[in-house]
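Protein chains: 2
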Amino acid sequence: MDDLFQAHAALLEKAVAASRERGFWAAFAENPKAYPEGAASAGKAAFAALKGQPFDLGEEGGQAGEGARVGAEVSPFGPALGITYAARSVDALVAHAERAGEGWAQASVEQRVGVALEILARLNAESFLIAEAVEHTTGQAGPMAFQAGGPHAQDRGLEAVAYAYAEMARVPGAVRWEKPMGRSSIRLDKDFHVVPRGIGLVIGCATFPTWNSYPALFADLVTGNAVIVKPHPAAILPLALTVKIGREVLAAQGFDPDVLQLAPDTVEAPLAKDLATHPAIGLVDFTGSSAFGSWLRETLRDKLVFTEEAGVNTIVIASTGAFAAMCANIAFSLSLYSGQMCTAPQTIFVPAAGIATEEGHKSFDEVAAGIGAAIDALLSDPARAAAVLGAIQNPATLTRIEEARGLGRIVRDSAALQVEGARTATPLLLAVDATDEAAYLEERFGPIAFVVAVKDAQDAIARATRAAREKGAITAALYSTDEAEIAAAIPAYAKAGVALSVNLTGGIYVNQSAAFSDYHVSGANPAGNACMTDSAFVASRFRVVCVRRPAAA
Amino acid sequence: MDDLFQAHAALLEKAVAASRERGFWAAFAENPKAYPEGAASAGKAAFAALKGQPFDLGEEGGQAGEGARVGAEVSPFGPALGITYAARSVDALVAHAERAGEGWAQASVEQRVGVALEILARLNAESFLIAEAVEHTTGQAGPMAFQAGGPHAQDRGLEAVAYAYAEMARVPGAVRWEKPMGRSSIRLDKDFHVVPRGIGLVIGCATFPTWNSYPALFADLVTGNAVIVKPHPAAILPLALTVKIGREVLAAQGFDPDVLQLAPDTVEAPLAKDLATHPAIGLVDFTGSSAFGSWLRETLRDKLVFTEEAGVNTIVIASTGAFAAMCANIAFSLSLYSGQMCTAPQTIFVPAAGIATEEGHKSFDEVAAGIGAAIDALLSDPARAAAVLGAIQNPATLTRIEEARGLGRIVRDSAALQVEGARTATPLLLAVDATDEAAYLEERFGPIAFVVAVKDAQDAIARATRAAREKGAITAALYSTDEAEIAAAIPAYAKAGVALSVNLTGGIYVNQSAAFSDYHVSGANPAGNACMTDSAFVASRFRVVCVRRPAAA
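So the protein sequences, as listed, match chains W and X.
Heads up: the first sequence runs through residues 1 to 553, numbered per UniProt numbering.
Heads up: the second sequence runs through residues 1 to 553, numbered per UniProt numbering.
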């Protein structure tokens, strides 16, 4: 067994410090040029070689050996992937995890953390291959698939390792307890054992299969829980590659690779409910619909359940000193990955009487038109449009756009890009009244947004924070030139549990969440019952048991 | 507003360090002699003055002003207390908490922690009065009521403050985030807000009203949640005194005292269910029966629920090198507070063929008789017997003893002490077979214990750890002279989530749990869904919301 903890100790130390300081820090470079020459083309070639083939999860532990194979992934950019994955039954998955988990629970915290850090390092080295897998399952454009699916996801995984390590490091291994009792003392030797909760189930989503799974996957692993990864049937490959690399590292270090298993399934025969309700599963992490999220929360008593669900992210435009830059910033946020981000804004509140800007007063219609025109400008160049929008992951999103056209006055219509074979759609922007809550207060996932005419700025903030409290929200944006108004709004947003971005212009967007600095999901509104990036996300994944005995004299 | 954080900073620093080092440390002296002369008699006098009177929770916030009064406490040592408490309806309690909670949520972490530390210091100064209140509600003997109800409970409260402060201190207040972007950079100013979960409900128990409530009460308070304390109707006074002191400190610091409210109720008109299910309650902490604990866990979706419930604590006697000392140690553990501790042992597994000791082989009957004789010896002096046993908190426990007599062969019978007016009972010790699981694997709260004849040491350990996994257990003890046997047993106990004490003799007992060192409840078996003394107990009681905006150039 290698001393992987020592090998990665400097990285861990920096990650722990970064998670406390929360300034900018990244462990894994987001710039493709920072990677070795040839890595990009090697990733493309590796992806091409995987297509049309049975995926090999490795011989160790027999994940490849049960006969049935599943897999029907189709790239939103066109072709079917033609990759199949070895399936295991729920009982087999659990039995393998239980057996493998015994040794994993006995490993030291440092051994487990070392393995996790090594997995992350190897994932990073495969970022171009993973980017291809993410691109051709989620529909993210290449640059985003690389960043969000590769280094950014790896950073989020590392962040979870850092939190979990910090919590476990607070528990001493062995101590001498000596209580003075007058002239003598009572002395005990105590050993503290970090004990896992059970088997962890991580249920992936179709839009961010790695980014949204890595925090739970790595938090479970380092706290001693065997992990079963159940990918979305439309985005198996990114997690299959992740599990394969994880199993290779585990096996190389003498652990049973079934500590980490893939549970591929199909839309027709889904495994998630049967897995989640199995008594041996102690932890469940889920990203996806509120319907399944609430089913998990209500069904699974006495299990640890962490969810990220739907929400309605809002923007309030009360006033601005940079109208064009604001419109451009909002346009990018609405367009990025065609609005298929849990952090993308959907509902934009604007006073019906218009707003003050550095260009003078702008009417409600002028504000709406300004955002629409900014979207047009952003997407006017076809290459840039393709790079920003990517493709539509799920055909149902196109139907949703079609249906949404009737929900208000069309400020800017959605249209397909002229990209052969790809499923694409530009943002649909609708103007509605404040009373049309049924339209704009329901999550409409994809490139659908509403400009809502409200009474005034105060009304806008009240509606935005109420939407967060009642419908859930991960992000919110506020544009205002009035510092008193901003100061008064902050406690309302804080109480609504939504991260607030104020007066963003330029190259930073409300939908961006930076590892080691921004918390992702607050857990304090219906958009999710937990933050994916804090101590509370990791601290309950293990328990501590003390063994004490009188100390030798 | 005083700088209470600064005033108590040294204490907090020591507490944080102690919770990490886990060697012996105590903030509050457990020796009554360490307190000012006259404090004990002043406490007695203060208690006497409270009896037969309406309890005054203070004028601030109007806790005294709603008319209805409840209270029917009767000392297990005899007299009715005759104290009544102002009752509030569930809606009134919640409305007051919501109003008061607004300002409390806005207070800084340091302000809240300072208030909590000041409350603890004032509670410590009133330890003798609180001891009287604990003694005459729980039936704990005077010395134990002082220690467990006073300084030990205060230490546990301080420990929760230390954990919560450490977690909140990891969240920076304000940071500059600067991401290099080639020749320029993107700079954001970020503020991180610690946000409470809602209103905390703390449901107290009748045997350890302060010790078992303080961790949750103080964890909720410092993380920004207003707190409603619902005492057991049989033990209101200790928590009424606590709340009164807390309200005085809050009011003196300019906070609405309704941040901390008492919710006294009656057996006939209990408030706990209505309070727990009120939508404004975000956190519920409960110590008590598994029936109500499981009702809470199953009913309260999307609330944070921490429970300590029933369990069956076991002792395995495989062999010993100190037979008499072992028997004396076990006798004390069975007798202390008449077995009415969640940490008291109940079920003692002994090989049917007997055990090896330093006095030679002892048969099963000799081991059982040895424990029985040790109980007799411990209780032979009436004054010592009274000081060890205290009184029986609940008359139902006497019925339980009566019914238990038929469950096995009586090794040592239970009997009342000759103490005028007090409800007392010495331990009942029964011998049973391994097959009599219905007798010994059900929690029989009070001075009832079983010596169970099992196949051998391995069988004993298997049964003890299975009992912990399936029935719950907070403590376990193992006596063995075989180091290999001990080493093999430890992972089984760890997996069962039960704290293990090995070969205890002398002045330390399996039922003792030391603040800042021993974790109390693991959360990893049915005896409770959470540890009351770790990071996981506090980390989810608050959320973090980030507000970010472009930095000024």
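The hints are simulated quantities; they were obtained by calculation from the structure and are not laboratory data.
It cannot be assumed that every hint is accurate.
Because identical chains cannot be distinguished in the list, a pair is counted as satisfied if it fits within a single copy or across any two copies.
[Claimed, not checked] Pairs of lysine to aspartate or glutamate residues, derived as DMTMM-like cross-links and limited to a Cα-Cα distance of at most 25 Å, are as follows:
| hint | residue 1 | residue 2 |
| --- | --- | --- |
| 1 | K273 | D302 |
| 2 | K273 | E298 |
| 3 | K44 | E178 |
| 4 | K179 | E13 |
| 5 | K303 | E442 |
| 6 | K14 | D191 |
| 7 | K495 | D256 |
| 8 | K179 | E30 |
| 9 | K14 | E402 |
| 10 | K51 | E402 |
| 11 | K44 | E442 |
| 12 | K495 | D191 |
| 13 | K273 | D3 |
Structure-based check of each hint:
{"no.": "1", "hint": "K273 - D302", "result": "both (16 Å within a copy, 19 Å between copies)"}
{"no.": "2", "hint": "K273 - E298", "result": "both (12 Å within a copy, 19 Å between copies)"}
{"no.": "3", "hint": "K44 - E178", "result": "neither (62 Å within a copy, 33 Å between copies)"}
{"no.": "4", "hint": "K179 - E13", "result": "between (34 Å within a copy, 20 Å between copies)"}
{"no.": "5", "hint": "K303 - E442", "result": "between (29 Å within a copy, 24 Å between copies)"}
{"no.": "6", "hint": "K14 - D191", "result": "between (28 Å within a copy, 22 Å between copies)"}
{"no.": "7", "hint": "K495 - D256", "result": "between (45 Å within a copy, 19 Å between copies)"}
{"no.": "8", "hint": "K179 - E30", "result": "between (53 Å within a copy, 12 Å between copies)"}
{"no.": "9", "hint": "K14 - E402", "result": "neither (48 Å within a copy, 63 Å between copies)"}
{"no.": "10", "hint": "K51 - E402", "result": "neither (33 Å within a copy, 74 Å between copies)"}
{"no.": "11", "hint": "K44 - E442", "result": "neither (39 Å within a copy, 62 Å between copies)"}
{"no.": "12", "hint": "K495 - D191", "result": "between (41 Å within a copy, 14 Å between copies)"}
{"no.": "13", "hint": "K273 - D3", "result": "neither (38 Å within a copy, 53 Å between copies)"}
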